[in-house]
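Work out the full structure, taking the sequences as your base and the hints as a guide.
Protein chains in written order, with this note's numbering: chain A, 248 to 567; chain B, 248 to 567.
Mixed in with the good hints there might be a few duds.
[Stated by the list, open to error] Dumping the calculated DSSO-like pairs for lysine-lysine here, alpha-carbon to alpha-carbon at most 30 Å:
| # | chain 1 | residue 1 | chain 2 | residue 2 |
| --- | --- | --- | --- | --- |
| 1 | A | LYS522 | B | LYS522 |
| 2 | A | LYS522 | B | LYS515 |
| 3 | A | LYS265 | A | LYS460 |
| 4 | B | LYS532 | B | LYS489 |
| 5 | A | LYS298 | A | LYS337 |
| 6 | A | LYS515 | B | LYS522 |
| 7 | B | LYS522 | B | LYS489 |
| 8 | B | LYS460 | B | LYS265 |
| 9 | B | LYS515 | B | LYS437 |
[Unchecked claim] Covered stretches of chain A, as calculated for chain B (at least 3 residues, CB under 8 Å):
| # | stretch |
| --- | --- |
| 10 | 344-358 |
| 11 | 367-375 |
| 12 | 380-389 |
| 13 | 526-533 |
| 14 | 547-559 |
If you're looking for bench data, these hints aren't it; they were derived computationally from the structure.
The structure displayed is predicted, hence computed values, not measured ones.
Idealized CB from N, CA, C, for every residue including glycine.
Protein chains: 2
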Amino acid sequence: MFFEGSEKKVEITIDGDKMSLLEDLPQSFWAQMVAQCGAMIVSQMSQPNCKAFLLSESSLFVWHDRLLLITCGQTRLVNAVEYFVEKVDKQLILQLIYQRKNEYFASAQSSSFVDDVRLLNRHMPGVAYRFGELYSHHNYLYHLDNDYQSSMDATTCELLAYQISRSASAHLTAPGLTGLEIRQFLQLDKLVPGFTLDDHVFSPFGYSLNAIKGNSYLTIHVTPQSTSSYVSVEANFDLLAKAPLLLEILAPACFDLVCFNQPQFAQKAAQMVPKQYVSKELVHKTLGIGLDVCFANYIRPQHDFGQPTHLDLSSEHRVF
Amino acid sequence: MFFEGSEKKVEITIDGDKMSLLEDLPQSFWAQMVAQCGAMIVSQMSQPNCKAFLLSESSLFVWHDRLLLITCGQTRLVNAVEYFVEKVDKQLILQLIYQRKNEYFASAQSSSFVDDVRLLNRHMPGVAYRFGELYSHHNYLYHLDNDYQSSMDATTCELLAYQISRSASAHLTAPGLTGLEIRQFLQLDKLVPGFTLDDHVFSPFGYSLNAIKGNSYLTIHVTPQSTSSYVSVEANFDLLAKAPLLLEILAPACFDLVCFNQPQFAQKAAQMVPKQYVSKELVHKTLGIGLDVCFANYIRPQHDFGQPTHLDLSSEHRVF
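Given below as structure tokens:
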């Protein structure tokens with residue numbers, strides 16, 4: 248079954264002295280915003296300083312002065328962004344960072360990153376970059392071109408794992424698999440001890456998790472089908488320290504690290520990435536808005552010949 | 248400037264006892280066939296057993312009982328195939344092999360490989376494979392599902408070089424560059440000594456070459472722009488032996504080898520691929536039609552951090 252795991256992501260920071268995203272906007276606003284991109288809210292949990300929504304395609308986190316919306320599949324995230332920008336006083340938006348990972352079923356998307364950026368630029372001028380070579384894994388990033396300076400201690404990190412091991416894929420596509428079994432398989436007790444969890448097992452496949460604790464969050468999205476398996480993990484704590492555990496569980500053929508304001512990224516990555524992987528892409532830039540961005544792609548060299556994938560043309564679904 | 252270098256390719260073998268593609272079809276047939284996919288003939292040369300056409304997007308070779316049509320950009324190669332199948336008695340078609348490399352501006356294509364195969368399957372039943380993982384470089388291949396057996400001495404090999412060195416890209420985008428200068432840069436005297444050449448320098452960038460000698464051919468297509476540089480080389484002689492020379496000239500960040508009926512591919516590739524590259528994909532299968540296919544992707548590990556690519560959003564062209 249065809250599913251585009253690669254995510255689109257937006258992070259919007261507003262002036263918290265003038266408005267609170269938690270207090271001044273009703274539940275219906277978030278449901279509407281999510282609906283704009285073709286997703287819906289599946290589940291949610293609240294803590295005093297954070298609301299976390301599990302979506303039919305990924306996640307939405309809302310804090311007092313900040314939101315993070317991640318969507319995958321064929322969602323049109325830019326439409327949700329446009330909805331927010333049109334409903335909320337633009338003057339209150341301090342920064343907006345919009346990202347898209349390169350897609351693997353790009354022809355099924357309703358827009359390209361460039362299309363999206365041209366739309367955003369009609370509302371607010373920004374600049375855009377491609378982190379990584381065109382012919383390799385890469386991540387597109389757009390941010391508003393203004394004087395806002397991000398806080399250097401606002402660290403976030405993504406680990407995007409592609410083509411996980413056959414055994415991990417088999418485990419995560421087992422019929423009747425429960426959320427508890429997936430949590431155990433992913434060793435969430437070690438990954439997010441003491442966090443409050445909200446997760447959902449999709450039918451026939453797929454798993455999403457939000458985890459929050461104080462100001463910390465982690466979110467995991469799993470597309471487990473062996474022909475196009477993909478697992479994304481994002482958190483605002485030291486995810487690099489957890490990389491060895493995640494990579495041992497998932498054993499992907501390749502993976503990306505996308506880190507923002509991660510101190511000593513190069514040294515930490517060199518320590519934490521298992522020796523069987525080699526770096527294919529290493530890109531770094533401190534953006535004008537004080538945001539330090541590192542993008543790295545690692546691959547596991549292949550030494551033995553494998554078989555091609557036979558494509559089942561009889562399927563009604565687009566499978567490849 | 249945006250240009251999809253990745254090629255689509257079809258090779259059709261007919262029953263040469265019943266028809267000759269060289270003698271029984273007029274020039275207008277080939278012009279019409281090429282026009283179907285949105286390309287046009289730029290130049291051509293003939294030898295007794297081969298006609299070679301340079302196209303606005305790549306090349307067409309016609310032999311007595313076989314044709315090879317390669318197109319790039321946003322061409323709709325499947326429409327040219329459909330034209331051929333509808334105009335020529337289907338019973339005369341012994342084999343048809345249709346390939347597409349994964350594209351890097353896939354959202355700009357008018358169809359996906361699966362769409363194409365579904366169209367072809369309405370005319371003639373076939374089978375399809377993906378050589379290489381979804382999340383890496385890969386090559387889709389379709390062939391008719393029949394009793395035809397290909398000749399094991401019909402060897403062809405493609406070398407597809409991505410993100411060539413800055414100096415090679417700078418050389419190949421120099422203003423006023425002539426065909427002679429490009430031939431010298433590519434060392435064609437060593438690559439195809441004694442071959443008859445036909446080449447074309449495109450404006451503002453781009454270069455295509457056809458070379459023939461007896462039953463041997465080689466074709467080169469160059470997309471030199473540094474943000475999306477790509478060079479494809481295909482030949483039906485021992486191209487692996489020429490790989491060290493080509494890789495020294497182009498110094499790509501990564502490259503693919505796609506070989507058909509290449510004896511001892513694994514050993515030869517291990518000898519010929521420079522040590523700074525590691526293999527990311529290695530796929531092999533002998534198809535039911537007696538065609539031995541190897542697909543390999545090699546990357547050069549990166550050790551130093553580079554800068555992201557700044558995207559010029561003011562351009563009218565899609566640049567990334």
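We went through each hint and held it up to the structure:
no. : hint                : verdict
1   : A:LYS522 / B:LYS522 : 18 Å, holds
2   : A:LYS522 / B:LYS515 : 27 Å, holds
3   : A:LYS265 / A:LYS460 : 25 Å, holds
4   : B:LYS532 / B:LYS489 : 24 Å, holds
5   : A:LYS298 / A:LYS337 : 22 Å, holds
6   : A:LYS515 / B:LYS522 : 27 Å, holds
7   : B:LYS522 / B:LYS489 : 16 Å, holds
8   : B:LYS460 / B:LYS265 : 25 Å, holds
9   : B:LYS515 / B:LYS437 : 19 Å, holds
10  : 344-358             : holds (count 8)
11  : 367-375             : holds (count 3)
12  : 380-389             : holds (count 7)
13  : 526-533             : holds (count 7)
14  : 547-559             : holds (count 11)
Comparing the model with each earlier hint shows no violations; every hint is respected.
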